[in-house]
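*Asks:* Chain by chain, the residues run as shown.
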Amino acid sequence: GAVVSQHPSWVICKSGTSVKIECRSLDFQATTMFWYRQFPKQSLMLMATSNEGSKATYEQGVEKDKFLINHASLTLSTLTVTSAHPEDSSFYICSARDPGASYEQYFGPGTRLTVT
Amino acid sequence: GQNIDQPTEMTATEGAIVQINCTYQTSGFNGLFWYQQHAGEAPTFLSYNVLDGLEEKGRFSSFLSRSKGYSYLLLKELQMKDSASYLCAVSGDYNDYKLSFGAGTTVTVRA
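First to last, the sequence lines map onto chains A and B.
Counted from 1, the first sequence has number 88 at position 88 by this note's numbering; the numbering is strictly sequential.
Counted from 1, the second sequence has number 86 at position 86 by this note's numbering; the numbering is strictly sequential.
Hints should not be assumed to be uniformly reliable.
Anything over 10 Å on all C-beta distances counts as not near chain A; from chain B, calculated [said to hold, decoys possible]:
#, residue
1, 10
2, 16
3, 21
4, 23
5, 25
6, 26
7, 28
8, 29
9, 41
10, 50
11, 55
12, 66
13, 67
14, 79
15, 81
16, 96
With a straight-line Cα cutoff of 27 Å, these simulated BS3-like cross-link-like pairs (lysine-lysine) come out [as the list claims (entries may be wrong)]:
#, chain 1, residue 1, chain 2, residue 2
17, A, 64, B, 98
18, B, 98, A, 55
19, B, 98, B, 57
20, A, 20, A, 41
21, A, 55, A, 20
22, A, 66, A, 14
23, A, 66, A, 20
24, A, 64, A, 41
25, B, 81, A, 41
26, A, 41, B, 76
27, A, 20, A, 64
28, A, 41, A, 66
29, B, 68, B, 81
30, A, 20, B, 98
31, B, 68, B, 98
32, A, 41, B, 98
33, A, 66, B, 98
Here are some of the chain A residues that sit facing chain B, going by a computed Cβ distance under 8 Å [as the list claims (entries may be wrong)]:
#, residue
34, 32
35, 43
36, 46
37, 89
38, 97
39, 103
40, 104
The hints are simulated quantities; they were obtained by calculation from the structure and are not laboratory data.
Even glycine gets a Cβ: it sits at the ideal position worked out from N, Cα and C.
The following block holds chain A by itself, in its conformation from the complex (with noise of 0.2 Å):
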């Protein structure tokens, strides 16, 4: 099937800096990929859609000033957690779409963000 990866599978950073995460379809060109985030104990929550050679459509409540994407070409997606402050911690999830399937969505392996 499908494979997406992500990078970092992991990040310790101070608060105030910044942090970019990627997402890459390997083997397939996704011209739709999404972005979860889940806290502790609870479900994925859909930050984010991100969109190739366009602005990403935020879901209500996300600061699209805090949490840069960027869709630069078919394979890639970037998620920039600007400014992290202790509350971002989290695993960040991204999704890609196959349009060559009919509905599927795979996902990546995950990165786990944590800021001191």
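Once you've looked at the hints, dock chain B against the given chain A.
*Replies:* Positioned in the frame of chain A, the structure of chain B alone reads:
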């Protein structure tokens, strides 16, 4: 808005059967997904239902009733490795493919 409900926790014995229910109220419907998620890992796809009825895939089966806004995931011949969180997710719109997730059901399999 989207409202997806599933039980928080379930416990069962190895070799037994467990049924995880999911009810949903969404503004649109373009399919219901079940995912398995082990702690600290990303979700893995289990099943997809868009028409009413039962879909069987090995030890796992999923059922959908669109008129009732109801689905269940049936896990048979439980194994210890099936201990995980099971997420019900609904795709509400044909055009945007966004998924709304339930809170997840933690299944614990005991020997």
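*Asks:* Against which earlier hints does the structure fall short, listed by number upward?
*Replies:* When the structure is compared with the hints, numbers 9, 10, 16, 29, 37 turn out to be violated.
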